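**Student:** Residue numbers (this note's numbering), protein chains in the order written: chain A, 1 to 270; chain B, 1 to 270.
Hints in this document: simulated from the structure, not taken from any laboratory.
If you're wondering where the values come from, they're calculated on a predicted model, not measured in any experiment.
Everything hinted at is true.
Here are some of the chain B residues that sit facing chain A, going by a computed Cβ distance under 10 Å:
1) G141
2) I236
3) L245
Pair ranges (Cβ atoms, derived):
4) B:D42 to A:K68: 56 to 62 Å
5) B:N8 to A:R185: 58 to 64 Å
6) A:L89 to B:P190: 38 to 44 Å
7) B:R35 to A:D114: 40 to 46 Å
8) B:M2 to A:R35: 52 to 58 Å
9) A:L89 to B:D25: 31 to 37 Å
10) A:P190 to B:N8: 57 to 63 Å
11) B:N8 to A:V76: 55 to 61 Å
12) A:E200 to B:R113: 35 to 41 Å
13) B:Q24 to A:S4: 42 to 48 Å
14) B:Q24 to A:K106: 49 to 55 Å
C-beta: ideal position from N, C-alpha, C; glycine also.
2 protein chains.
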Amino acid sequence: MMISSTSNIRIKSIRKLKEKKERQDSGLFYIEGLRIVIEAFDKGAKIKTLIVNYDLLKNERGLALVEKANEQGIEVLEVSRDVFESIALKQNPQGLAAVAAQQLFKLDEIDTRDFGLWTALDSIADPGNLGTVMRTMDAVGGNGLILIGPTVDPYDTLAMRASMGALFSLKIVKASAEEFARWKRATSIPMIGSSDKASELYTEVEYPRDLILLMGSERQGMQEYLEKLCNQIVRISMVGSSDSLNLSIANAVILYEIFKQSHAGEQDKK
Amino acid sequence: MMISSTSNIRIKSIRKLKEKKERQDSGLFYIEGLRIVIEAFDKGAKIKTLIVNYDLLKNERGLALVEKANEQGIEVLEVSRDVFESIALKQNPQGLAAVAAQQLFKLDEIDTRDFGLWTALDSIADPGNLGTVMRTMDAVGGNGLILIGPTVDPYDTLAMRASMGALFSLKIVKASAEEFARWKRATSIPMIGSSDKASELYTEVEYPRDLILLMGSERQGMQEYLEKLCNQIVRISMVGSSDSLNLSIANAVILYEIFKQSHAGEQDKK
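Turn these sequences into a full structure, and let the hints guide you.
**Tutor:** Encoded structure:
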């Protein structure tokens, strides 16, 4: 049966997922758009409900996904165009959205034997920066993100949009400052921090295969307790009047230096 | 005399500068915050009016700037705290703002004999991306930006905020698609484009000292007519499921490869 009332209780609760508090309380999040919903599904996100409007959803891959979801016993909520548009964040929505369960991990759930490349972000505040870091991390074949301290919600709409689906390819770990410090001291994974006050240039360092790249926050830069946890600190060369780069830019510049050194670039898609 | 009415006609017209249309019609723009106003002043931006509230402005450098402006015959508008807060974009404003004249250049105003490094952006839509490209360009010692086709306003509040003052260090040129194509054909400045469809990796290219790095738009990527104008196209290696990077990230990754090759990194601030 199609839901055609915008004040339907299910619809109201889906709409509420745009609020951080509601996401926290429910452990759920909302995604919309053909590309991102398909990506979430393919990457094994825990999709609870698909929301569909057949007036808007004409895309074959989208329709195939609805069928697959039906087969797998995932709830499919058919809604009227009005209802869909009342939920949708974007104008001209594509008729496909989903509610999924969040998957945030703890530090002790990280497999340190097959660690690979991670970015740790201290107190990141800007959702666009967080999403962009995810997108770049995915592009260089990184494994995950550690979010330290108070952080913008990785399931924030803007963060997810900026991540372009990379959220579903990476392991996202949340930790308090204390938890992170304790874990780092107990593990032998090397950590390299980025700071414009460091003396060593990012291009002069040999990056190990297993590595945490630690970025300070947008406002405070690298905090002292985190700097002390680093095995090395690097800086990015600058000549202009700027005294710093955007966080996601600094992260990407170092990530691509690491990526280049790993020769992974030679095995890329082409 | 202090302006204490939020509906004062001058105050109203300043507040209106947050709208693109008003900026276009007046050729002016609005900036606020200690750091950015001081930077604009120091970099020779054409400041028409300083807006000051002395309850909020306690910073010595800020007060020194007001004095200097007075000496140079720049209008200083003293306003009440209420009025300042009615203009301010940010919460907890620092009591210093300014109105300045826009400085957009045409292609034939570029000195091609001392060209250096430029980024050209086709139809850029996101103000955060534009501001971030400016910030990175400044950090690598770039000379300017060419904005091709319909573009987000470089004097947009979000763009300026993301640029962190870099707007005042770079020459900003606007051109239509036709103007740009004509200019590029007439000049011998090499242009390298970025596209995920290119076969050559960005790390395998030798970048000349005078160079335009051309980025396609967020939505369309590299348009065919622009690709044809390029002397070379490069791509950035990727291994993840993402098929592209954020525009400002892709720009920065290539800019830092160019920067590294130029050895300018060895002469940086430290």
